[in-house]
Amino acid sequence: MSLTANSSRDTVPGSTTLWLESARKHRFALTLVFLLILPWLMPYEALAVNILIMGLYALGFNLVFGYTGLLSFGHAAFLGTGAYACGIAIATYGIGWFGGIVIGTAVATLTAAVMGVLAIRTRGIYFAMVTLALSMCVYYGLYQMQWLTGGENGLRGVNVKTISVLGLELPFINPTVKYYVVLAFVATAIWLFSRLLASPFGAVLEAIRENEERAKACGYDVARTKLVVFIISGAICGLAGALNALHLSIVPIETLHYTTSGQAVMMALLGGMGTFFGPFIGAATFLLIQDVASSMTNHWQLFVGMIFIGFVLFFPRGIWGSILHWLEGR
Amino acid sequence: MIGGFTLDLIALQLVTGVALGAIYVLLAIGLSLIFGLLNVVNFAHGAFFMVGAYVGVFLFGLTGNFWVSLVITPLMVGGLGLVVERFLVRPLYGRGIDYPLLLTFGLSYVMVEAVRITFGLTGLRLPTPPELRGAVNLGIGYFPLYRLFLIAFTGFIVAALWYFIERTRYGLIIRAGASDPEIVQVLGIDIARVWLVVFAIGTGVAGLSGILAAPLQGVTPEMGVPVLAEAFVVTVVGGMGSLGGAVIAGLLVGIVVAMTSLVAPDMAKVAIFTLMAVVLLVRPRGIMGRAGGMG
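Line order of the protein sequences matches chains W and Y. Our numbering puts the first residue of the first sequence at 1, with every later residue one more than the last. Our numbering puts the first residue of the second sequence at 1, with every later residue one more than the last.
I should point out that these hints are in silico values taken from the structure, not numbers from a laboratory. In this text, a Cβ means the ideal position worked out from N, Cα and C, and glycines have one as well. One or more of the hints may lead you astray.
Some chain Y residues near chain W, calculated using beta-carbon distances under 7 Å [what the hints assert, rightly or not]:
{"id": "1", "residue": "Asp8"}
{"id": "2", "residue": "Val41"}
{"id": "3", "residue": "Tyr99"}
{"id": "4", "residue": "Phe105"}
{"id": "5", "residue": "Tyr109"}
{"id": "6", "residue": "Gly134"}
{"id": "7", "residue": "Val278"}
{"id": "8", "residue": "Val282"}
{"id": "9", "residue": "Arg283"}
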């Protein structure tokens, strides 16, 4: 029933396992090193920024999907409301870029709280359908609020040309500067994420994923834990959305559509469900496939769909999950 | 007069809602049937709906006869369902309830792109059959004949499915398979074949709803995308795995859309999702859902 990919605790510790354990202990530092050099690995820097932001989005989603075992199809609502709130704050109300990010994250967190209260009432397979439907409610709602969101044309004019940090004026339109500014936020988020997983709360999540009834019997408030996880996950995805609004200068209405939720699902599965680093590998894979395939054909989604089907059938652990599994088995 | 609308207009809009609901009913029955037996949420259901519309247009172009297309389309889409169940969904049984869902989600991408490659990006049209053009006087006003046909035909399909499941030997096996697949297997029935057939019926009905909806809304590769979300709403409102629930909820959603369109056309889509939120708060398992059917 569970969709786990990382559980080495029941294997006999060999040298590889010990090495893996120490890598796991320093997972934040290792991920950060990868993200610091990512721009040099990519064909162009805008793609690196995309991977960074979508990786954060997939990471937030993975907290619910991979770590808690709840398949949500509504995370576009958090990416989208985060992006719209940040964009509206900047473009319409002239609030600064930092305020925009804070407002975006806060609004997404609130959205997650409302959706969570409704969706948590259902279990299992219902959860995917209900989260999808609720997020589509947000989609149609904001679609209709044309005066605020620009409707089907999306929100335009989220222009941030320079940002000032500690008295320094940084040109945000420079791709390298943009990448490392975004990385500062992403790094903070994944550091907190790593702390959360290492805390007793993280252990409760694992307990719920492995056996919900047992976790309940042990006295944990499963429903409340799920709600809290859902809200934290929404906050992370909202931050990703806010950063994306700054990155793209626009917020397309499709950001809110359930196909965007599906993207998080695809990236998390491609990278490795329930792994710390997997979402970034998944985002990089997904966006590179999109980048390469769309330059050759209009029908790149055909390849994405087939590759995804192949992973579901043959490599459900995902790329990073399979690598970890292989290392653990040695 | 209620809220500035005459009673006749409200009654007419009610019938419009029922006609709209007929499509939802067929969609939700297919979803519900597949879920009730196979425990699979078919995320490609909207794509099967879309393929049904395209197959309908294709067959109509070939034969020039709507009725022939109407009969053959569900068979062809159901045939596609057979292949999908046998080669893609079947390997995933026993591997966790989320996997078939993820697979069918990926499949919907492939199906939409395959249709775009075959039929192009621009929309197509399926003309209303000549016998069903025009409108009839219902006593409260004129109503399009095709929509009346839609209501009657859906009623016929629902009755036929009900008879098949509740009154025939095969239906007995299907119901037994839903309540305890292991015992059915022990009794010497090939349960895998039952699942295969049920998946084909479910997708075939989705294809049927596609060709039925085609004359009303036009045919595009993306037409199944919003439909999937709406079919989920109907299933959640009605209760997963319940035929009766699918019928009641489908009609209810259709009526809510029609009535909201009367007052505030822009809010029709929002209204059905609000309906779902209310049902979730008041009765999380849906109108006709079984108490234990949520796991």
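Structure-inconsistent hints, enumerated in ascending order: 1, 6, 7, 8, 9
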